[in-house]
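Peer 1: Read off the chains here:
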Amino acid sequence: MRTLELEAAGWSEHRAGQHLDVRLTAEDGYQAQRSYSIASAPGEPPAITVERLEDGEVSPYLVDEVRDGDAFEVRGPIGGYFVWDADEAGPVLLVGGGSGIVPLMAMARHRVRAGSEAPMRLLYSSRTWNDVIYRDELESLDAVEVVHTLTRERPPGWNGYGRRIDDDLLREVAFAPTDGARVYVCGSTRFVDAAADGLVRLGYDPSSVRTERFGATG
Amino acid sequence: MNIVSRGFRGRRQDGPPDRVPPGQYLTDDFPVLSAGPTPHVSLDEWTFTIQAFGAEPVRWTWEEFSALPSEEVTRDIHCVTKWSKLDTVWQGVAVDTLLEAVEHDAEYAVAFCDGGYTTNLPLEDLTGGKAWVAYGYDGEPLEPEHGGPARLLVPHLYFWKSAKWVRGLDLRDAEEPGFWEQNGYHPRGDPWLEQRYWGD
Amino acid sequence: MSKRTLDGNAIGGLLLELFGADLTAAPCACDGCGAREEVARLDVYADCPGVVVRCRHCGDVLITIVRGRTRTYVDLRGTRGLEL
Chain A
-14 MRTLELEAAG
-4 WSEHRAGQHL
6 DVRLTAEDGY
16 QAQRSYSIAS
26 APGEPPAITV
36 ERLEDGEVSP
46 YLVDEVRDGD
56 AFEVRGPIGG
66 YFVWDADEAG
76 PVLLVGGGSG
86 IVPLMAMARH
96 RVRAGSEAPM
106 RLLYSSRTWN
116 DVIYRDELES
126 LDAVEVVHTL
136 TRERPPGWNG
146 YGRRIDDDLL
156 REVAFAPTDG
166 ARVYVCGSTR
176 FVDAAADGLV
186 RLGYDPSSVR
196 TERFGATG
Chain B
2 MNIVSRGFRG
12 RRQDGPPDRV
22 PPGQYLTDDF
32 PVLSAGPTPH
42 VSLDEWTFTI
52 QAFGAEPVRW
62 TWEEFSALPS
72 EEVTRDIHCV
82 TKWSKLDTVW
92 QGVAVDTLLE
102 AVEHDAEYAV
112 AFCDGGYTTN
122 LPLEDLTGGK
132 AWVAYGYDGE
142 PLEPEHGGPA
152 RLLVPHLYFW
162 KSAKWVRGLD
172 LRDAEEPGFW
182 EQNGYHPRGD
192 PWLEQRYWGD
Chain C
34 MSKRTLDGNA
44 IGGLLLELFG
54 ADLTAAPCAC
64 DGCGAREEVA
74 RLDVYADCPG
84 VVVRCRHCGD
94 VLITIVRGRT
104 RTYVDLRGTR
114 GLEL
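Protein chains in written order, with our numbering: chain A, -14 to 203; chain B, 2 to 201; chain C, 34 to 117.
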């Protein structure tokens, strides 16, 4: 994982949850393009957190190669659906799987920076404790209630959740469906569909559950 | 004016120009490209049909199809998204063999598939040892995500013509654009002439 | 649902470039079954010689987008309209 802070000419302030598209051009004109969620809060310069995928084409370049002063094209900020603004007062449930945490982190950071009082809870699924992105920052985040679940391996002494998100886990962690919470779910397609379906079974109105599926292309 | 990103190369490789058409890059992978979900059909239900206008459809069940003479062919394949893969090995029935079972004077065909995909080809591109209905790849049964149980294989044209999950050919007098051909892709798709889009 | 299936968020940038507006929150009605969803909630297949957007309920193709050399071909026939 690597977080890149970008300086973009003409960048308009982004909203929490939005993404940007990165386009790389090689010397012979070959191009590759990928989308990355913006990890930083509105008001901060855009930053993206890139997960290095072993046989990826773009992520190894961004993680291993890019240095201060390097340049590439970006397009954005993009997104009007998977966004949260701090002036929305209702409770917010964030559900993230793996690298799906990135846009949710922007929302959490936004809540802190904007001094919002909206109750915010994060349910974050990772394979192991080592895979948890923004781990230290999440530990120190008072304003957001963080619940981890580790699906593959747990450290000694772990007394948190240790399985994939299921209906029981959601029932224990999510706000009651009648609390008027807005939910944001982000991760792989399978993760997102399973969590969103589970929330609807719990009684959430589908229109209050916003989803963003990440692809696995690197 | 694009910004060139220092040190970015991408994954592609160069290859011998007599085997890699203009604008293409070599790949060792076999990328999966799909316009929709992978259909699943049981072999009990699978059939392959050739429909000629005004004639009775000719149909094979999977069992009958598997009993047809088949061959192993090694060919290079070229995707319009710019990747090329050399020396791919397929097992299948030549379309020439299938067309022997049908009386027709059609000049064009539309391949139709599970999931609704279609692509059009002139009969000339399907005959003379240029096309197969393939059910094996690299020594194994063709995987669903690559078009299994069977796909059309027309390697001398861009690979969108090699329709996955093919269930038959509709023979016609007139050219009728298929899925991608209706949406900007070239009616014929010869990679050596770089016929990618309308107007190329 | 394949792990490769994305959603309308993934083509937000493309649509912004083509239409000059962010369409991810724009409701879109399926001409086949009438279901109405925001673009962000539609099934998107972007691993193909173009982009194919399908109705999540009936699977019909709503939108296809092909980037040619100098033109982009956008087919909206599968929709009953986009609400911007």
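These are calculated hints, taken from the structure and not from any lab test. Certain hints may be false.
Stated by the list, open to error - Examples of chain B residues toward chain A, derived with CB under 10 Å:
| id | residue |
| --- | --- |
| 1 | 3 |
| 2 | 8 |
| 3 | 55 |
| 4 | 59 |
| 5 | 60 |
Unchecked claim - In silico lysine-lysine, BS3-like type, Cα no more than 30 Å apart, as pairs:
| id | chain 1 | residue 1 | chain 2 | residue 2 |
| --- | --- | --- | --- | --- |
| 6 | B | 86 | B | 131 |
| 7 | B | 131 | C | 36 |
| 8 | B | 131 | B | 83 |
| 9 | B | 86 | C | 36 |
Just so it is clear, CB atoms sit at the ideal spot from N, CA and C, and this is done for glycine as well.
Peer 1: If you test the structure against every hint from before, which numbers come out violated?
Peer 2: Of the numbered hints given earlier, those the structure breaks are 3, 4, 5 and 7, listed in rising order.
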